[in-house]
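Using the hints, build the complex out of the two chains.
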Amino acid sequence: MKGYLGKLLDIDLTKNEIKEMLLEKDMLTKFLGGRGLGIKLLYDLLPKNTDPLSEENIMIFLTGPLTGTIAPGAGKFVVVTKSPVSNGFLDSYSSGRFAVELKFAGYDGIILRGKAKKPSKILIQDKKISIDNAEHLWGKDTFETESYLQSELKDQELGTICIGPAGENLVKYASINSDYYRQAARGGIGAVMGSKNIKAISVRGTNGLVCHDSHKMVEIILEHKKLLDKSPVVANRMRYGTPSTLDITNEAGMLPTKNYQIGNYKKAKNTLDSSGVEKSYVKSRGCYGCMIACSKISKVSEGEFKNDIVEGPEYETVGMFGSNLGIDYLPAIIKANIECDRLGLDTISTGNTIGFFMECSEKNILPEELKKYGINFGDYKGMLKLIEKIAFKKEEGSLLSEGVKLLSQKIGNNSSKFAMHVKGLEFAAYDPRIGLGTSLSYAVSPRGACHRRAWPPAIEVLGKLKPYTIEGKAELIKKMVDENTVFHSLLICDFPAKWIPLEVKEFIGYIETATGYKYQEKDLWEVADRVETLIRMFNNREGLTREDDTLPRRIFEDKLMNGSANEKSISERDLDTLLSDYYEIRGWNTEGIPKENKIKELNII
Amino acid sequence: MKNKIKVSIEGLGIYRDYINEQDQIIFVEKDIKLFDLIKYLNKKLGNKFYNNIIKNKEINPNTIIFLNGINIHHLEGLDTIINENDRIVFGIMVNGG
Chain G
1 MKGYLGKLLD
11 IDLTKNEIKE
21 MLLEKDMLTK
31 FLGGRGLGIK
41 LLYDLLPKNT
51 DPLSEENIMI
61 FLTGPLTGTI
71 APGAGKFVVV
81 TKSPVSNGFL
91 DSYSSGRFAV
101 ELKFAGYDGI
111 ILRGKAKKPS
121 KILIQDKKIS
131 IDNAEHLWGK
141 DTFETESYLQ
151 SELKDQELGT
161 ICIGPAGENL
171 VKYASINSDY
181 YRQAARGGIG
191 AVMGSKNIKA
201 ISVRGTNGLV
211 CHDSHKMVEI
221 ILEHKKLLDK
231 SPVVANRMRY
241 GTPSTLDITN
251 EAGMLPTKNY
261 QIGNYKKAKN
271 TLDSSGVEKS
281 YVKSRGCYGC
291 MIACSKISKV
301 SEGEFKNDIV
311 EGPEYETVGM
321 FGSNLGIDYL
331 PAIIKANIEC
341 DRLGLDTIST
351 GNTIGFFMEC
361 SEKNILPEEL
371 KKYGINFGDY
381 KGMLKLIEKI
391 AFKKEEGSLL
401 SEGVKLLSQK
411 IGNNSSKFAM
421 HVKGLEFAAY
431 DPRIGLGTSL
441 SYAVSPRGAC
451 HRRAWPPAIE
461 VLGKLKPYTI
471 EGKAELIKKM
481 VDENTVFHSL
491 LICDFPAKWI
501 PLEVKEFIGY
511 IETATGYKYQ
521 EKDLWEVADR
531 VETLIRMFNN
541 REGLTREDDT
551 LPRRIFEDKL
561 MNGSANEKSI
571 SERDLDTLLS
581 DYYEIRGWNT
591 EGIPKENKIK
601 ELNII
Chain E
1 MKNKIKVSIE
11 GLGIYRDYIN
21 EQDQIIFVEK
31 DIKLFDLIKY
41 LNKKLGNKFY
51 NNIIKNKEIN
61 PNTIIFLNGI
71 NIHHLEGLDT
81 IINENDRIVF
91 GIMVNGG
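Residue numbers (this note's numbering), protein chains in the order written: chain G, 1 to 605; chain E, 1 to 97.
What the hints contain is simulated information worked out from the structure, not anything from laboratory work.
Among the hints, erroneous ones may be present.
Stated by the list, open to error - Derived DSBU-like pairs: lysine-lysine, alpha-carbon spacing no greater than 35 Å straight-line:
| no. | chain 1 | residue 1 | chain 2 | residue 2 |
| --- | --- | --- | --- | --- |
| 1 | G | K128 | G | K216 |
| 2 | G | K299 | G | K283 |
| 3 | E | K39 | G | K269 |
| 4 | E | K4 | G | K266 |
| 5 | G | K230 | E | K2 |
| 6 | E | K55 | G | K464 |
Said to hold, decoys possible - Non-contacting residues of chain G with respect to chain E, defined by C-beta distances greater than 10 Å in every case (computed):
| no. | residue |
| --- | --- |
| 7 | K283 |
| 8 | Q409 |
| 9 | V461 |
As the structure is a prediction and not an experimental result, all values here were calculated from the model.
Ideal Cβ placement from N, Cα and C applies to all residues, glycine included.
Chain E on its own, in the form it takes in the complex (with noise of 0.2 Å):
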């Protein structure tokens, strides 16, 4: 565990089904980067997961991805680096209410 940190992460609508109270927490190698992670959680929660949530190695359009509340298009994408206690939320993209 020495080289791994532990980052919360959550679904929002749909994206609930895939990750379960168990899995809200995981340890990944340090210095990660967010599309390695979304790797990483294919293999744990399953491709259905990850294919609504990557569209030709890009962020499906239909997907918004928060890293500690920040849009993720705002920082570096899929090439941002994770940190220790940093909270990913996967939702479903809106357009009003």
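With the rest of the complex left out, here is chain G (with noise of 0.2 Å):
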């Protein structure tokens, strides 16, 4: 089939061998790629109960049928493992050149297994390929890495993701960094390539892609490009960026503030939301194949941090550094993006553990040992020193690297009541009080805490749906996954298909021009169904079950303050009614497990 290559390069960094494993049409019509295609690899080829940080576990890098295509937002890739913070599934995406690269060096993807004996980099050029010893950039940061790479082999288009010191010293929210600024790094994933001692993997493709009917896929787009001209969801974005974001979950009152004890900050007006944020702004950049260039690129203009640059912040890292600790300090929290993106840190998780660790430093409830280390809301220079401290695992950096689910273990006192987190990925900026079907969202995400799971405040929040009825909720949530799975399947991003907005069967075109192959709607939410059906598998089989399903208690306990949620939580019993609601009409029994009949019908394994 056109579109894909059919094949994986098969790396063995134990065996130092390098093969390639050929992928059959059945399984790509049936999982698409991305998300789809990696759960399917990971639950064939990973033994039940093997340690994520082992070098047992495998590690998929995968694009989808339209990358390296001209297709809307068509320039990501996924990272799919066992994860070391649920032990059940994770997926993490980022976009950047790696990924067309790949495609174009011939490759659908990569599985890596084993583990190197020494620190490591593999180098893809078209059917060149080399695993070389990496013992002088193990330390570097990704900034100097990616640029020592790009130097060595004279090349400035080469797709390059590594590992910071983050990833090498397994912190537990390690990203994956790519073309400097982009990150893979949601639930670890970095600490995951830095336990096979793997710090960089380059790629140049010069072979370039066919697809079944590019005139045909050009006049799709160009149908597709009037809608986004027309459209001021775009306007606002490609002027704003993500952070226009933070205008409405303010308003709304769902911006999480000082670790989620409130739901609005008033400080953000003209610092961190839209207005605040453009002033730093000195010009948009867009990823490949991208018709709206959303991110930009920031500079602080004045003060300590003068001069200092990033692409960002985005809503999330804005959120979680910002209003989530109490600061309204923006070139702060650009000091902070540019140190996480350096030493390979989600910035997101980051945020999330300093705010729970600056509640119980409030709280006075630290252990005598970590007394010494308190820190407030608001101290934007203990934020940048523990933010090194972490990704280095110094002091009191070290327990926090671990992440808040283990971190609260440690403090005790109760506070895993407010350790802000679902199977230990940590909440992003946006708090689930705020509705049923949002919390519901959370609580079922097979990663974690996930805003790229769905994003159901559009619906119940900010539009015409109620948030707090239970009826049509789980139906809301199956639709919004299922959709965000077809997009994450293809891989293509999933904000030009939600701004213009495109919807499943818009895409239908695009498959068919880059493959051939022509779906029906409804066979693509059908592939939908089957991912997360077999995700949810590969989860029982690693041991979660419904109890995991479920949120902190701050959430059930503590009222959310301000904005329209009007002080309220979320009620226990309403969440267990969704649960099952949820579970029934994705075919699973009461506790969560696919039903035999559903398995057979969505012709699974």
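Structure representation (structure tokens):
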């Protein structure tokens, strides 16, 4: 099938062996690529109960059938593995040159098995592939590493992904960096790469990509471009980038403030909202194949961080290092963003974990040995020092590097109540108390508290559906999750799709013009159902149960102050009802285990 | 001014371009409905603002309107009665970040 290359690079680091794995057409049509193909391969290849940071774990780097084409937002890749945070399925996404170069080199993806004997890097230049010594790069930050590799190979077009010190030190929220400022960051994916002694993978492909019908694809894009040009949502994003989300989450009262104690941060006005952040923008940047270019380059114009430059900060970073830490000084947030990118850390989990530590400090519940490290909300200098300590596991940073779940177990004193995570993955920058569907989507997300599985506030907070009714919510979440599963299996960015907007059915044409294979809309929804059910089967196999589909006690016991939530907490009983509803419409039993007839119906195994 | 009430309005994102600081406090008829207030703003701020907010006499799905932090869809929509010192915010819909 065109669009795909039909093969993966299969690299065994322990044996120092490089092979090719062929992908059958049937597997591709049933699982598409990206998330879908990732779970199929992980389920089939990974032995049950594998330790995520052992050499037995595998990493699967994947593209999708549209990657490298001119379809909107088709420059992304995903890394799939067993999560060191949840012990379940982990998929972590990024955009970057790496994705398209891999396709141009002739591969749909890479499987990494085993562990290199010493720090190593992988270089792929079309069919020429090598595993090389990288001891000289171990300890270098991500910026130095990428710059070194580009200079060494004298190739600015090289697609490189790499880890920083945080990944080398197995920090539980270490990222894999790409194109300097892009990250596959969630769930400790960088720690898994570090555990394999792999510092970087660089790819250069010169083969291009052949589509089934390029002319027709151009026609489709031109039609969608007309819609894009008329969309005020796109206009807003082109001008302000993702921080425009903060305008709305703050007004609606779901912006995490001081470790999710409050849903509104008054100091954000003209500092952290779109009008505040816009003052630092110097230019825009687009990912490969994007018509929007929502990414912003920001530069600090004065003060102690003068002339610091970052691509970003994105909404999640502003929320987690800003309101969530009680910090309204944007230059410090830009600095924190740079430091996380440089050291290879997830800004969401880093901000969340520091916020938790700040609340424990202010509540004076830190154990004796940690009291000297106490830090208050608003202390941006302390925050910046802590980021470095986390990456290098120094002093209290060593404990924080494990994430809020384990940190709260160490601190005790009932702090697990406000350790804001699901399945060990820290909350992103919106508070689930804003609505029942939003709470459900965090609770059932297979990788933990995830902002990319679905974004229900768009419907139940900002749309016409009421936030605290049960009726229709399980169906809503299934539909939203399945829609994103299609997008994330195609590996297209969900931003153009959501903002133009384009529905799932509108991607049938893109798939057909890329691959020659024509899906019906129902087929794509079935792919999503198949993928999500197989992910559930994987998590069940690795020991996750219904009990893991829950939220921290704060969500049930503390009222969310300010905004439209209007002093609401979530009823545990309502969430339980919704969980049962969700399982039922998925064809899973009351314990959340997929039923035999459903597995058969979806032709999963 | 006897039958007038004071209301504050604010634009978020690209709607900031339409509402200057001096326009943020307005005086409108008592018991005015939101739709009538938006029609009043049409005269004051121009057609482009109105056309972005209203589509086929309903709120454009691309627009979110908050009344004192509450989504207007969860009140009475365009028929919502505006009261003294209410704060009305116009924003562009978001789908994550």
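Comparing the hints with the structure gives:
Distance check on the hinted pair: K128 of chain G and K216 of chain G sit about 34 Å apart at the alpha-carbon level, within 35 Å; holds. Only pairs whose Cα atoms come within 35 Å are accepted, and K299 of chain G paired with K283 of chain G is accepted, the gap being roughly 10 Å. A distance of roughly 27 Å separates the Cα atoms of K39 of chain E and K269 of chain G; the hinted pair therefore holds under the 35 Å criterion. Our distance criterion of 35 Å between C-alpha atoms is met by K4 of chain E and K266 of chain G, whose separation comes to about 29 Å.
The hinted pair formed by K230 of chain G and K2 of chain E fails the criterion: a straight-line CA distance of about 43 Å is larger than 35 Å. Of the supplied pair hints, the one linking K55 of chain E and K464 of chain G holds, its CA atoms being roughly 16 Å apart against a limit of 35 Å. Distance check on K283 of chain G: its Cβ is at least 19 Å (rounded) from any Cβ of chain E, clearing the 10 Å threshold; non-interface status holds. Consistency note on Q409 of chain G: stated as away from chain E, and its beta-carbon is indeed over 10 Å from all of that chain's, at 30 Å minimum.
Residue placement check: V461 of chain G does not keep its beta carbon more than 10 Å from all beta carbons of chain E (closest about 6 Å).
Checked against the numbered hints listed earlier, the structure breaks hints 5, 9; every other hint is satisfied.
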